[in-house]
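Counting from 22, one number per residue, gives the positions in the sequence shown under this note's numbering.
Errors might be hidden in some of the hints.
To be verified - Straight-line Cα separation of at most 30 Å, DSS-like style, residue types lysine-lysine; simulated pairs:
{"#": "1", "residue 1": "K46", "residue 2": "K81"}
{"#": "2", "residue 1": "K191", "residue 2": "K167"}
{"#": "3", "residue 1": "K46", "residue 2": "K80"}
{"#": "4", "residue 1": "K166", "residue 2": "K81"}
{"#": "5", "residue 1": "K39", "residue 2": "K116"}
{"#": "6", "residue 1": "K81", "residue 2": "K71"}
{"#": "7", "residue 1": "K46", "residue 2": "K71"}
{"#": "8", "residue 1": "K153", "residue 2": "K116"}
{"#": "9", "residue 1": "K167", "residue 2": "K153"}
{"#": "10", "residue 1": "K76", "residue 2": "K116"}
{"#": "11", "residue 1": "K190", "residue 2": "K167"}
{"#": "12", "residue 1": "K80", "residue 2": "K39"}
{"#": "13", "residue 1": "K46", "residue 2": "K160"}
{"#": "14", "residue 1": "K116", "residue 2": "K71"}
{"#": "15", "residue 1": "K80", "residue 2": "K167"}
{"#": "16", "residue 1": "K191", "residue 2": "K166"}
{"#": "17", "residue 1": "K46", "residue 2": "K153"}
{"#": "18", "residue 1": "K81", "residue 2": "K167"}
{"#": "19", "residue 1": "K39", "residue 2": "K81"}
{"#": "20", "residue 1": "K166", "residue 2": "K190"}
{"#": "21", "residue 1": "K160", "residue 2": "K80"}
{"#": "22", "residue 1": "K167", "residue 2": "K46"}
{"#": "23", "residue 1": "K191", "residue 2": "K153"}
{"#": "24", "residue 1": "K190", "residue 2": "K39"}
{"#": "25", "residue 1": "K116", "residue 2": "K167"}
{"#": "26", "residue 1": "K166", "residue 2": "K153"}
{"#": "27", "residue 1": "K71", "residue 2": "K39"}
{"#": "28", "residue 1": "K76", "residue 2": "K39"}
{"#": "29", "residue 1": "K39", "residue 2": "K166"}
{"#": "30", "residue 1": "K160", "residue 2": "K116"}
{"#": "31", "residue 1": "K166", "residue 2": "K46"}
{"#": "32", "residue 1": "K167", "residue 2": "K76"}
To be verified - Pairwise CB distance ranges, derived in the manner of DEER restraints:
{"#": "33", "residue 1": "T121", "residue 2": "M175", "range": "39 to 45 Å"}
{"#": "34", "residue 1": "A123", "residue 2": "E164", "range": "20 to 26 Å"}
{"#": "35", "residue 1": "D143", "residue 2": "E49", "range": "24 to 30 Å"}
{"#": "36", "residue 1": "P63", "residue 2": "E183", "range": "38 to 44 Å"}
{"#": "37", "residue 1": "K190", "residue 2": "E45", "range": "24 to 30 Å"}
{"#": "38", "residue 1": "S161", "residue 2": "Q65", "range": "33 to 39 Å"}
{"#": "39", "residue 1": "K71", "residue 2": "H31", "range": "29 to 35 Å"}
{"#": "40", "residue 1": "K46", "residue 2": "A123", "range": "30 to 36 Å"}
Since the hints were derived computationally from the structure, they do not count as laboratory data.
Idealized CB from N, CA, C, for every residue including glycine.
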Amino acid sequence: MAEANWYVVHTYSGYENKVKVDIEKTIENRNLQDQILEVSVPMQAVVEIKNGVEKAADKKMFPGYVLIHMIMNDDTWYVVRNTRGVTGFVGPGSKPVPLTEAEMEGLGFTIQDVVVDFELGDTVVVTSGAWKDTVGAIKSINEGKKTITINVEMFGRETPVELAFTEVKKM
């Protein structure tokens with residue numbers, strides 16, 4: 022299987038969040054979760070002073086750009102390239118160039134290798150979030166996104182819930 026890399030996509034200025042949402046919807050509709058792993062609009066916390074009042078705000082680090090962690094193939098290229106608001110991938114001509122690990126670290130993204138000892142069928146307990154203290158058996162593991170899926174009972178029905186590796190522990 023091909024390796025996932027981070028790519029930079031150029032968008033119309035001010036459309037970064039709309040492009041992010043549209044790509045995420047398309048990922049879900051076309052079931053590409055295992056190929057397009059993450060869509061990010063890097064934000065930076067800043068303090069603005071307006072009328073003498075300090076106010077915390079988030080500013081886009083790179084206006085006009087969206088970062089995408091994905092496996093590059095014809096399908097993923099087509100989905101991203103044909104999203105409304107996207108003008109193209111960053112790279113020479115039409116050939117997308119992935120960011121290096123050094124470039125990602127410079128942006129504040131650290132690539133961590135998480136070693137997990139989860140297996141399908143293992144019973145886990147949720148340690149944080151809305152499902153805290155919920156117990157369930159692992160139904161699927163997505164190492165690319167670093168998530169597991171367990172079934173929880175909601176309104177009398179079994180419902181799948183996706184959780185980060187860091188939100189659960191083995192029983």
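Tested hints:
{"no.": "1", "hint": "K46 / K81", "result": "21 Å, holds"}
{"no.": "2", "hint": "K191 / K167", "result": "15 Å, holds"}
{"no.": "3", "hint": "K46 / K80", "result": "24 Å, holds"}
{"no.": "4", "hint": "K166 / K81", "result": "24 Å, holds"}
{"no.": "5", "hint": "K39 / K116", "result": "24 Å, holds"}
{"no.": "6", "hint": "K81 / K71", "result": "19 Å, holds"}
{"no.": "7", "hint": "K46 / K71", "result": "36 Å, violated"}
{"no.": "8", "hint": "K153 / K116", "result": "44 Å, violated"}
{"no.": "9", "hint": "K167 / K153", "result": "18 Å, holds"}
{"no.": "10", "hint": "K76 / K116", "result": "41 Å, violated"}
{"no.": "11", "hint": "K190 / K167", "result": "14 Å, holds"}
{"no.": "12", "hint": "K80 / K39", "result": "16 Å, holds"}
{"no.": "13", "hint": "K46 / K160", "result": "23 Å, holds"}
{"no.": "14", "hint": "K116 / K71", "result": "43 Å, violated"}
{"no.": "15", "hint": "K80 / K167", "result": "27 Å, holds"}
{"no.": "16", "hint": "K191 / K166", "result": "19 Å, holds"}
{"no.": "17", "hint": "K46 / K153", "result": "27 Å, holds"}
{"no.": "18", "hint": "K81 / K167", "result": "25 Å, holds"}
{"no.": "19", "hint": "K39 / K81", "result": "13 Å, holds"}
{"no.": "20", "hint": "K166 / K190", "result": "17 Å, holds"}
{"no.": "21", "hint": "K160 / K80", "result": "38 Å, violated"}
{"no.": "22", "hint": "K167 / K46", "result": "20 Å, holds"}
{"no.": "23", "hint": "K191 / K153", "result": "14 Å, holds"}
{"no.": "24", "hint": "K190 / K39", "result": "35 Å, violated"}
{"no.": "25", "hint": "K116 / K167", "result": "28 Å, holds"}
{"no.": "26", "hint": "K166 / K153", "result": "20 Å, holds"}
{"no.": "27", "hint": "K71 / K39", "result": "27 Å, holds"}
{"no.": "28", "hint": "K76 / K39", "result": "25 Å, holds"}
{"no.": "29", "hint": "K39 / K166", "result": "22 Å, holds"}
{"no.": "30", "hint": "K160 / K116", "result": "38 Å, violated"}
{"no.": "31", "hint": "K166 / K46", "result": "17 Å, holds"}
{"no.": "32", "hint": "K167 / K76", "result": "34 Å, violated"}
{"no.": "33", "hint": "T121 / M175: 39 to 45 Å", "result": "43 Å, holds"}
{"no.": "34", "hint": "A123 / E164: 20 to 26 Å", "result": "23 Å, holds"}
{"no.": "35", "hint": "D143 / E49: 24 to 30 Å", "result": "26 Å, holds"}
{"no.": "36", "hint": "P63 / E183: 38 to 44 Å", "result": "23 Å, violated"}
{"no.": "37", "hint": "K190 / E45: 24 to 30 Å", "result": "28 Å, holds"}
{"no.": "38", "hint": "S161 / Q65: 33 to 39 Å", "result": "35 Å, holds"}
{"no.": "39", "hint": "K71 / H31: 29 to 35 Å", "result": "30 Å, holds"}
{"no.": "40", "hint": "K46 / A123: 30 to 36 Å", "result": "32 Å, holds"}
In terms of the numbered hints stated before, the structure departs from hints 7, 8, 10, 14, 21, 24, 30, 32 and 36, listed from lowest to highest.
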